[in-house]
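Protein chains: 4
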Amino acid sequence: MKIGVVGASGYAGGELLRLLASHPHFEVTAITAHSNAGEQITSVHPQLQSYAGKKFNAFAPNEFASCELIFLALPHGESAKVISQLPATAKIVDLGADYRLESAEAWATYYGGDYAGAWTYGLADVEPFKSLISKSTKVANPGCYATSIALGAAPASEIADMTDVVVVAASGTTGAGRSAKINLIASEVAGSLTSYKFGGVHQHTPEIEQALTKVSGVDAKISFTPILAPMPRGILSTITAKLTKKISTEQAHALYSSYFAKSQFVTVLPLGVMPKTAALTGSNHVQIQVAVDDHTSRLVVSVAIDNLGKGAAAQAIQNANLMCGLDEAAGLNFDGLGV
Amino acid sequence: MKIGVVGASGYAGGELLRLLASHPHFEVTAITAHSNAGEQITSVHPQLQSYAGKKFNAFAPNEFASCELIFLALPHGESAKVISQLPATAKIVDLGADYRLESAEAWATYYGGDYAGAWTYGLADVEPFKSLISKSTKVANPGCYATSIALGAAPASEIADMTDVVVVAASGTTGAGRSAKINLIASEVAGSLTSYKFGGVHQHTPEIEQALTKVSGVDAKISFTPILAPMPRGILSTITAKLTKKISTEQAHALYSSYFAKSQFVTVLPLGVMPKTAALTGSNHVQIQVAVDDHTSRLVVSVAIDNLGKGAAAQAIQNANLMCGLDEAAGLNFDGLGV
Amino acid sequence: MKIGVVGASGYAGGELLRLLASHPHFEVTAITAHSNAGEQITSVHPQLQSYAGKKFNAFAPNEFASCELIFLALPHGESAKVISQLPATAKIVDLGADYRLESAEAWATYYGGDYAGAWTYGLADVEPFKSLISKSTKVANPGCYATSIALGAAPASEIADMTDVVVVAASGTTGAGRSAKINLIASEVAGSLTSYKFGGVHQHTPEIEQALTKVSGVDAKISFTPILAPMPRGILSTITAKLTKKISTEQAHALYSSYFAKSQFVTVLPLGVMPKTAALTGSNHVQIQVAVDDHTSRLVVSVAIDNLGKGAAAQAIQNANLMCGLDEAAGLNFDGLGV
Amino acid sequence: MKIGVVGASGYAGGELLRLLASHPHFEVTAITAHSNAGEQITSVHPQLQSYAGKKFNAFAPNEFASCELIFLALPHGESAKVISQLPATAKIVDLGADYRLESAEAWATYYGGDYAGAWTYGLADVEPFKSLISKSTKVANPGCYATSIALGAAPASEIADMTDVVVVAASGTTGAGRSAKINLIASEVAGSLTSYKFGGVHQHTPEIEQALTKVSGVDAKISFTPILAPMPRGILSTITAKLTKKISTEQAHALYSSYFAKSQFVTVLPLGVMPKTAALTGSNHVQIQVAVDDHTSRLVVSVAIDNLGKGAAAQAIQNANLMCGLDEAAGLNFDGLGV
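Protein chains in written order, with numbering that gives the first Met the number 0: chain F, 0 to 338; chain S, 0 to 338; chain L, 0 to 338; chain R, 0 to 338.
Hints are supplied without guarantee of correctness; some may be wrong.
Which copy? The list can't say, so a pair holds if one copy fits it or any two copies do.
[Stated by the list, open to error] Capping the alpha-carbon separation at 27 Å, the derived lysine-lysine pairs in DSSO-like fashion look like this:
(1) Lys90 <-> Lys129
(2) Lys54 <-> Lys261
(3) Lys213 <-> Lys196
(4) Lys196 <-> Lys180
(5) Lys261 <-> Lys137
(6) Lys244 <-> Lys196
(7) Lys213 <-> Lys1
(8) Lys196 <-> Lys54
(9) Lys137 <-> Lys245
(10) Lys245 <-> Lys196
(11) Lys244 <-> Lys220
(12) Lys245 <-> Lys220
(13) Lys80 <-> Lys245
(14) Lys261 <-> Lys53
(15) Lys134 <-> Lys80
(16) Lys213 <-> Lys53
(17) Lys245 <-> Lys90
(18) Lys129 <-> Lys53
(19) Lys1 <-> Lys196
Simulated from the structure, these hints should not be mistaken for lab results.
Turn these sequences into a full structure, and let the hints guide you.
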């Protein structure tokens, strides 16, 4: 099955190429990039030995004419511009934000510019999304923070107040993109933690609320504070909400375990074991732990993912697998690096 | 002025020795350690060239007979055992937890073992503590997390609900001590984030609540989740609470700026600038930023300190300065490393 | 094909399990560990979701009775003890040092204890080793430093003086093993470089010399200084030797490129591009660059590998593939992580 | 004593400001920067609380009219342009490369552009430089690599062949400057080692040779390979040369210890203890260890410094102290951070 990748020179695009190289059913035949067009793929992504000798092309519609499946990994606002030039019959997974939000108003507030509409939201491990994805030809792949937070909070609606969910999440630097900015250089980041998009303004906020509302059936509201952590990959999200019923840690753990029992990529860890981002590196897996803080009557959830794996490229492939009627784990059957 | 350090082989003890070496009024004459007794100080702390040729002694009361000021940097439960063997007239700053809690019940719940009582709490930048410290001969130096969280939440009592304060704080690895444990080795920690003491069970919880209640006059309750971050030093605390009145970010910022106007070590950063742990490394300084999240009606506070500096050794020296009637900044007049 | 792993609780053992889980022809049926026997595999290696629910067994010969292929990942001196208890017909790859050295004297000098003899040396990318491995049932997998240095120096014998090769190589912390030692804790390692086994005493020295002598046919002598680097994985080796003939960088590059032309895992990078350890993370790949320093008439070679991948587990699988008559790349067809 | 800093927005400039703030005799009255002119100093260097409220000025000669001492921390080629506009009587320490090389030819080869001449070379811990500095009004502060390598190799001339010294040195990222380049962003650097300026082309090569030749009286030739390490500060240099006489490690150690016996900033560590960059962070100290590799008849030296401290700002202050007839340690009497 011939596939294409538009915007493959960023970190998500690179991870996509890496994972696609060993996918049993997908063959990457078109690879484009904007500012790096004409460069060797390995000069931008030196790890991609599988693509040695190949170059990024500039985007051109005919590159994708024979592709049945196309991944877009573009800055927000760019996917919508490209979409009309792609084959109408092609299945498309957009790793960008353009088609995630159902509210034009939320788009205007958090992103600005033309609102492109909404596609099926690709949070592939939970319903109703999983079923919808299987029937869709266009899927909006969730944001990295949104993936970890929506998964971690999804089971909580039965036991906690979803209208005041507090989240603090720390991300590795690849979440900020492959961009030469002074605040991203290693000397500034090394050995240091700092928050950003502070005060509830991160653009994933409406996306998380939309996802949670769909999953739970109740209106969700999120206070979200992101942090830049001195590591290249990984997101650790801490989610807390007031309990709406008296429940023990064991009961909360049982609820979460039951909720994700059928998911092969989401693991609720045994009590006492905490999620650790390095355990997920390079993979489509998610680790979750849950506790009840009796002292404050709060549910506390810890969620770890790889922002480039489950938080971007790996979930995009999971979505594509579902859209194509394949095993959702095709090409994703491997564990994280651990160390 | 002759001073002594009991328990100088840990990271807080090492930082204390480093800072004391250039203090204008203190002369370190007694240095003891337990498991490292007999070893060269530089073999444990290779940076302490100022102490080249000196050894850690085993604890012996006569070592401290001529000391007017003594710092204790011992594991919890150990300070109380030592105290009776020290000169009754000596001023003492305990960097451990033994004398921090006024509630024997809280001690029993979070630490266990004999309750030693409470000394003046050494949160040196805010009242009523600062005044009390100046009149005290025995001071309990605050915990590292407690320092950052109590300072960050102290001004909030006028505008936010202190009975449901949510805190997520990430610490560098020196906060876990100089201890050969498998979960602390570099291969396990590098490039990874993980939570610990999960579900509201961290022992600083009652300490923070006690401090905030004293500062604000209202009962405070804290949901606190700690995280181990892949860096040696630094704590970044994110604190959030429901607003009790309608207020803008600018007003909250003005309130915080006013609250800390007289503190020479706590800086409320200009709006738009975020605290960054590396900026505080090695220093007694604190950086704070504040925002109002209108979407959720929450106050959000970000606080950065060096867990070994302001969070331990530097604040201990600030306390000693106050207890000795010196300029509180004596020996602490330097900026953090930044990079 | 049923296979077993003896000593799977260390970092090399964990990486072996991770890679074996997606190998197309190998099925891991026996997994033992010494000090972690009885523990869940995921409690030691939290990334190994593929092994969820399985435990490390204590070593027992009958565990391995039906195994056709066995990997040993034991501390040096332990492999020889175990070997007699394994099926005589089983193919064995020893990731330890026990069977690497052909000189009993070198063994005594650098390791001590009983000398076990020598197996085929598993430097799988170069001759004469590759051919020998294909005919062997017992293979000694090379050390991580030895792999990078022997590969990097192998083509140099035609143009440089192999009797005075100078090597400085820096390794990530997993090279020091999964061991709770104070010098390996994150606080000690973070943001710091330090040398160890200083003065030409590293135990890989005779192994490298033996390998180079076999490859080149001339006696090789190595001055080797290892460094511990603040990262979990990766080795970067810098190798330099006096040129024995006048040659340009382009000619040296052509020589190296030609030497490795048939190797699918060793890449001599285009001139101007430098090896980077992160590009190899998790993979069996090697990156090499070469230059002539005209000023000093020296050849300089830079080599990057993943110490746990090509430097241990991945090369062990490559060896097993060759021993079993499989495609040498079976289960190893993926690129490194890059970031 | 009024002093000025030209080019204070880089990492060396920031470290200079940090150290100068607590210097007992120097008062910084003029601070200029080029691209950051008009910005708050704390917006570039958030750690410099001592300079809160002050801005970088654009360079203007009258700013420095009353300065008796001026530090230049400019990109190479810029110092020479500025020098004629400064007071003729002012003492000047140039942290840049412009006045380091005595050979116009070497300047042309390694830097290019106009050759400015040579000032007294500020390698402040060894003769003949120390004496010359004390009599100079213009001093060229050594490069960071050059400092560590020249100090580490200086005592070797009696026992080793200085015409073929091999050096591999790894530096933290601040050595590459405060510059938004893609290869310096944290995602590219984190957890990775890579070499650069490969093949003997690093511009510190002639500087090191010149310094060693002056110190030893014999012509020195250096093969130097630099490496970028995933840490913000620190340089670890490994230096090796063929022994010219039979000598033991103990004898080499005695020679080195004797050579640096009078230096208060260079410590030859006890045998068995290795230099560690973190031990020097923020300080003017140097740690050295030495060994004889009998197997290869080579001397091996390991040297650690902080590239921004001893390698730039701290040594610049030491030079200024000597030039001003002050205690060379004024304002530099503190230990490194250690962790």
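Of all the hints numbered above, which does this structure not satisfy? Sort the numbers upward. 7, 9, 13, 16, 17, 18 and 19
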